[in-house]
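K.L.:
Chains as they are written, first to last, in this note's numbering: chain F, -8 to 150; chain E, 482 to 1255.
Calculated directly from the structure, the hints in this document are not laboratory data.
Note that the Cβ used here is the ideal one computed from N, Cα and C, for glycine as well.
There may be inaccurate statements among the hints.
[Stated by the list, open to error] Simulated coverage check for chain F against chain E, where a stretch passes if three residues somewhere in it have a Cβ under 8 Å from a Cβ of chain E:
(1) 5 to 16
(2) 21 to 31
(3) 55 to 67
(4) 94 to 104
(5) 130 to 138
[Unchecked claim] With the C-beta cut set under 7 Å, the calculated list includes, among others, these residues of chain F facing chain E:
(6) 39
(7) 120
(8) 124
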Amino acid sequence: MTETHQITLNINGKDYQTSVEARRTLVDVIRDQCGQTGTHVGCEHGVCGACTILLDGEPVRACLMFGVQADGKKIRTVEGLATGDKLHPLQQAFTDHHALQCGFCTPGFLMLAAGILEKDPNINHDDLIAALSSNLCRCTGYANIITAVKVAAEKMRAG
Amino acid sequence: MPPSGSELLGQRLSRLEDPPLITGKGRFADDINFPHQLHMRVMRSPLAHAEITGIQTEQAAALPGVVAVWTHDDIADLGPIDFRADKSAEELKAFRQFCLAKDRVRYVGDPVAVIFAEDPYVAEDAEDLITLDLVSLEIIANADQHPGEFQPGLSSEAGLLTHTFGDVKSTFEAAHLVVEVDLQTGRHSGVPLETRGAIGVHNKTSDILELYGAAKIPHRNRETLVRMLGRSPSKIHLHEGHTGGGFGIRGELYPEDVLVLLAAERLGRPIKWIEDRQEHMMAANQGRNQHHKARMAFDRDGKILAMADEFWHDQGGYVRTHGANVPNRTMCMLTGAYKVPTFRAECHFRLTNKTPAATYRAPGRFESTFVRERMMDIAAERFGVDRVEIRRRNLIGPEDMPFKVAFDEPGVETLVFDSGDYPALLNKALKHFRWHELEAELKDRRRTGELVGCGLGVFVEESGKGPVDGARIVVDTNGDVEVLTGGASLGQGFETTMGQITAAALGADFRKITVIHGQTDRIPYGIGAHAARATVMTGSAVNIAALKVKDKALEAASEMLQMPADRLDIEQNVVFVADNPSGPSVTLGEVAKRLAPGSKFLGSRDPGLSAEGFHNTAESAFPYGIHFAVVKIDGETGHIAVERFMVAYDVGRAVNHMLLEGQLVGGCVQGVGGALFEEFSYSETGEPLSVTLADYLVPTMDCAPMVECLVTEDAPSPTNLLGLKGGGEGGINGVGAAIAGAIDNAIGKVGAVTQLPVTPQRMRKILRDLNKSF
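Starting from the given sequences, assemble the full structure and let the hints guide the process.
P.N.:
Here it is in structure tokens:
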């Protein structure tokens, strides 16, 4: 298993050229070869969502894709969420409303929520809960995550 | 003007630790790398109990990229993972785990070999090339079956432990009413979102071994490593980075921690090990798995006369760092918030062929509260009195404080409940949550055929058990404040809590504070973060150190401002004249400059604006709480929805209400998982059936209740200056008890729930047995 493939990942607007074995997962490539360690690996089987990124605008599990499958795609990770020193409304709301404790699931939740709200800024409560239920948090009990996402949604709608 | 001084305590300040965590700048174990590092892969036993007759590693060792493969023979000079110094137990030593299995494997997941390779993928490839020769042995599936042999001639019953006081036997014989139960709690674990990780580095220049990925108790683990590796304490250092959740299970010393250190030294390269999720579910500590046969005796007025409990604790394959701590905590906290005149608990502490067990958030207390409160519910039914009333009759009163629970066995610790008004909390909670109205509403809904009900659990928690912790605070010439502690942060908000205490005591600017934790090379001692100690122990030491720094700053500023020190105060890093705030002032940074070496002003003073503080105590602080649950059962599917959950908790003194509620809510939802969904189950041959997050079901957002909190500060602890008590475990303690009571109430059958978790299958069986299923 030594044959490698040249790929280019566009992460947060910057191109990363790297060579990878076909079997290397996207999250490992993002972390180990592109040095973007904000995206976390929680289970490697697509259940916990800690590795959620936006791939061409869609929230996906970066542990369930191979790096080669993302060749040429536009990827957004937690590192690209803020604008300079200005936090994204989701990041601001997460700290204001204590929506994180250990912070390990947080990048995945932030990217999942960003993907949901960019697609449907007016998403209703039930649909929001159903969509956010695809990621796991073991510390907070979720209540503050719901509050934070709703507050951020309001801010994002107001522009 | 933001709040300052003592009014800072309790404020809902946003956390100091958040900025890196929300921007992807965290440093978790897998984010740490060293040049030239090797990756370790652990090969684990596929069988639950077997004799090892051979391990063929040649093919694996020959794979390009593999540097070394070790089995037990390669590290035969290394002893088993030792108990913590405070848990040493001579009679349990034979049950300790070697870092790589010696002669036998005792659970699926028992490490048998390790591979060191240039790349983690290659290390996994090599694992497939190792052949194990194993001869299956009969397994011990459960603690409550007949004991077998741990090894030839050594019974799997590692100990028969007892806690007693008074004459239970004659009390039961003379009792007006006796309640009996047969109850089980499932096998659970903390399941943090970050798996474990360990990176070992040997600094060849200084001959210091460094372990990164440490957590919870770095200083205590160093003590154990010193014993195991025969090194001087100054030649081993542990470093805690960001930690993705702990819950009691992370940060104990595990085989992998020792292996990366040993390999770093012997192979001469940094060694990195990151656990995968499947490994985590069969290798990290589990807990809770107990089977209780308990009885309670009452007089004719419904007052408790005696409690007796015989239980079986399923320890799994080995006894790990805690020794027999969990069964001991189960026994000593069993009487809870009630006056119990006579008591006997007897624990069969038994090894089985499962993943080893140890502490998981509220260890022994989640279990014992479930057992005790089940019996209180049944007693209420038998007496024909209200569930609240039977509890009220037996609560320890404020006039009984401090309340002693002393056991007859020599050497068993006496508990001294330091302060509390349990009846007052009960009254406040009933009123706040409108309990009686709620009961009436639910009764109406049951009349229309809904299976809805409510239940409660009353408990005492423990926290802040000593012996000692220290802190050092340094204000630099820029006015930045470093708070150096021996505490640990697992995500609970440790930095904010310590920062808030410092800001309150010293008058420092909260946002200019940096809190250091988990670094054994920075501070010689450290209590870590376990058993709700951090806020009480480290917080008290930080408070003492901050008050000393304040005195120093005022003394120096008094000279600088030509003003008596007692007329000065400090707020937001500024020393000012208390009765003339617009008068002369000086910043803490300027004071630090004046106290720097070489300053003419220094005189005979020691340089620097800094101080150390220690908190010594022989006493614990006991918070207490009540949980209330409302459930709705779907009779067709057996699904149980938690409609409401309410936590009433007295914490003595809250440092940050937002963080405390975060602990209570998060703990509570974890408890809901343990009460309804989570369970490590095993096949008849000892195969673990819950090795993914799709099998071990932690609560998701759509099934987590919105937990309502009532936090009171009626009973500050007399054991420390601020009156602090711990908050880490009060959210989970009574969840099993309250949900069980609510299910009973919904289906109209008190005592129906005998086993946690109440999965849909178990719920359906209960309903079928009652002819209530649809």
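K.L.:
Against the structure shown, which of the earlier numbered hints fail to hold, in ascending order?
P.N.:
3
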